[in-house]
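Novice: These are the residues of each chain, in order.
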Amino acid sequence: MKGLLKKEWFVLWNKPIMILIPLILFAVTGITSKNFFMIMYLPLYIGILPVSLITTDETSRWERFALGMPYSRKDLVSAKYLMSLLLVLGGVLLTSAILVFVMNSTLTVPQMLLLIAASFAFSLILPSVLLPLNLKFGTARARLALAVLLAIFGCMAAAAFNTEGGDDSFNVIAWLAKLQFSPQILALLFVAVAAVIMAVSWAVSVIIYRRKQF
Amino acid sequence: MNAIEIKGLKKNYGGFTLGPVDLTLPQGCIMGLIGENGAGKSTTIKAMLGMISAGGSIKLLGKDISGDTSAIKQDIGVVPDEIGLPEMLNVKHVEKIMRDTFTNWRSDVFADYIKKFDLPEKKAFKNFSKGMKMKLGIAIALSHEAKLLILDEPTSGLDPLVRDEIVNILNDFTRDESHAILISSHIVSDLEKICDYIAFLHKGRLMLCEEKDRLLEQYGILQTTPDVLNDLEEGAVIGKRVTDYGAEAIVDRGKIPQSFDTRPISIEELFVIMAKEG
Numbered sequence: 007m008k009g010l011l012k013k014e015w016f017v018l019w020n021k022p023i024m025i026l027i028p029l030i031l032f033a034v035t036g037i038t039s040k041n042f043f044m045i046m047y048l049p050l051y052i053g054i055l056p057v058s059l060i061t062t063d064e065t066s067r068w069e070r071f072a073l074g075m076p077y078s079r080k081d082l083v084s085a086k087y088l089m090s091l092l093l094v095l096g097g098v099l100l101t102s103a104i105l106v107f108v109m110n111s112t113l114t115v116p117q118m119l120l121l122i123a124a125s126f127a128f129s130l131i132l133p134s135v136l137l138p139l140n141l142k143f144g145t146a147r148a149r150l151a152l153a154v155l156l157a158i159f160g161c162m163a164a165a166a167f168n169t170e171g172g173d174d175s176f177n178v179i180a181w182l183a184k185l186q187f188s189p190q191i192l193a194l195l196f197v198a199v200a201a202v203i204m205a206v207s208w209a210v211s212v213i214i215y216r217r218k219q220f
Numbered sequence: 042m043n044a045i046e047i048k049g050l051k052k053n054y055g056g057f058t059l060g061p062v063d064l065t066l067p068q069g070c071i072m073g074l075i076g077e078n079g080a081g082k083s084t085t086i087k088a089m090l091g092m093i094s095a096g097g098s099i100k101l102l103g104k105d106i107s108g109d110t111s112a113i114k115q116d117i118g119v120v121p122d123e124i125g126l127p128e129m130l131n132v133k134h135v136e137k138i139m140r141d142t143f144t145n146w147r148s149d150v151f152a153d154y155i156k157k158f159d160l161p162e163k164k165a166f167k168n169f170s171k172g173m174k175m176k177l178g179i180a181i182a183l184s185h186e187a188k189l190l191i192l193d194e195p196t197s198g199l200d201p202l203v204r205d206e207i208v209n210i211l212n213d214f215t216r217d218e219s220h221a222i223l224i225s226s227h228i229v230s231d232l233e234k235i236c237d238y239i240a241f242l243h244k245g246r247l248m249l250c251e252e253k254d255r256l257l258e259q260y261g262i263l264q265t266t267p268d269v270l271n272d273l274e275e276g277a278v279i280g281k282r283v284t285d286y287g288a289e290a291i292v293d294r295g296k297i298p299q300s301f302d303t304r305p306i307s308i309e310e311l312f313v314i315m316a317k318e319g
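Protein chains in written order, with my numbering: chain A, 7 to 220; chain B, 42 to 319.
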């Protein structure tokens, strides 16, 4: 596994400017405009980088080459997820450091915790959706699949968060507000839900990859 | 223990059916898998490495490959027809990756091969020539104390000098009696130089799998007249070419009268005629 992670890292770090420029842009814009959400994009951006590595694997025919080595199909899939997780963790640490030390945020500790947990959770969910799609359909067709999925998700979200509906319509925000969770519990919930989604996504990707013929 | 044991290997792709293929390669030997493009050589190798699902049973180094093959692959060096390294990596990156991939990785052996093959350490893989890429693939396969090498068309598209160099390295590898090689190619002359066993695949069918020396002993070329050929025992003529000036046939030496003078046959001639007749 260590060898696979090293390969992912070397490929990823091949063009450091491509990674660093967006990160610096997000950080500088966020700090100067005192926009927390801009800073929270950092782990989100870093977390999806391993998805882009699938394109490199496809063009170089790495998967076939790696299957001749002492790696199982599960190892190849797990390396992508582990890389995403490690990068998101790194991104979240960076975000936290900026929030605490650079922006001198006036947020309370529980609020800060909630913000960081939300950032961590959303950063994990994105690769959890993208990785199985890319592994199943290949990078070119996965874009189309993602567009369809986003459209469906958008419709569902619009319905769930609808605040214009009548008294009978279901609204997620209102429902969450009624539960009156503390920020700490909400932070934990965010992380737990993201962890479950990632675990399910990993299991689905392993099944998809086991069926793949090279 | 046999290095490779394949029994009843079958794979159907719709328009193409491979098998059933039965192959056995003893340790210390080199087997050449010969066949035209699309004969099923790569499919056979992919099935052996678990890249595709196929029917039948396959044992590599005495172990069944139906389960997790990662442990078995520690002892196998694989050189595919295309070395699938990401184009931005260089030799130094590759060394670091392989060091953490194979438990028996030998950095010193790898460094020796890199030097011997004159491969640049910092040049990106995308700037390597086809021969350089293949040499790097071979260097990786030979640097982790593998007992079995599986090579898929390693000499295809390479110039004669590089091909000769690779053939010599493979010869050196089998000096150790616990080593074995399966090498596929449609360049029969390369395989003829080094192989102990020859397996012919034609349109997905295994036409024969035999010791090379036995094949060369058993078959010969007889130049005679069409009438003489017609009088020979059934099964004596494997294939023939009749012209206005006479007939040339590949014959089973054991089935023709000893007085007949035959000339030695090359594996390439035997393959071509068998494929045509098959």
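Among these hints, one or two may not hold up.
[Said to hold, decoys possible] Below are the DSBU-like pairs computed for lysine-lysine, each with C-alpha atoms no more than 35 Å apart in a straight line:
hint: 1; chain 1: B; residue 1: LYS171; chain 2: A; residue 2: LYS21
hint: 2; chain 1: B; residue 1: LYS174; chain 2: A; residue 2: LYS8
hint: 3; chain 1: B; residue 1: LYS48; chain 2: B; residue 2: LYS234
Don't read these hints as lab results, they were simulated from the structure.
Novice: Hints broken by the structure, by number, lowest first?
Specialist: none
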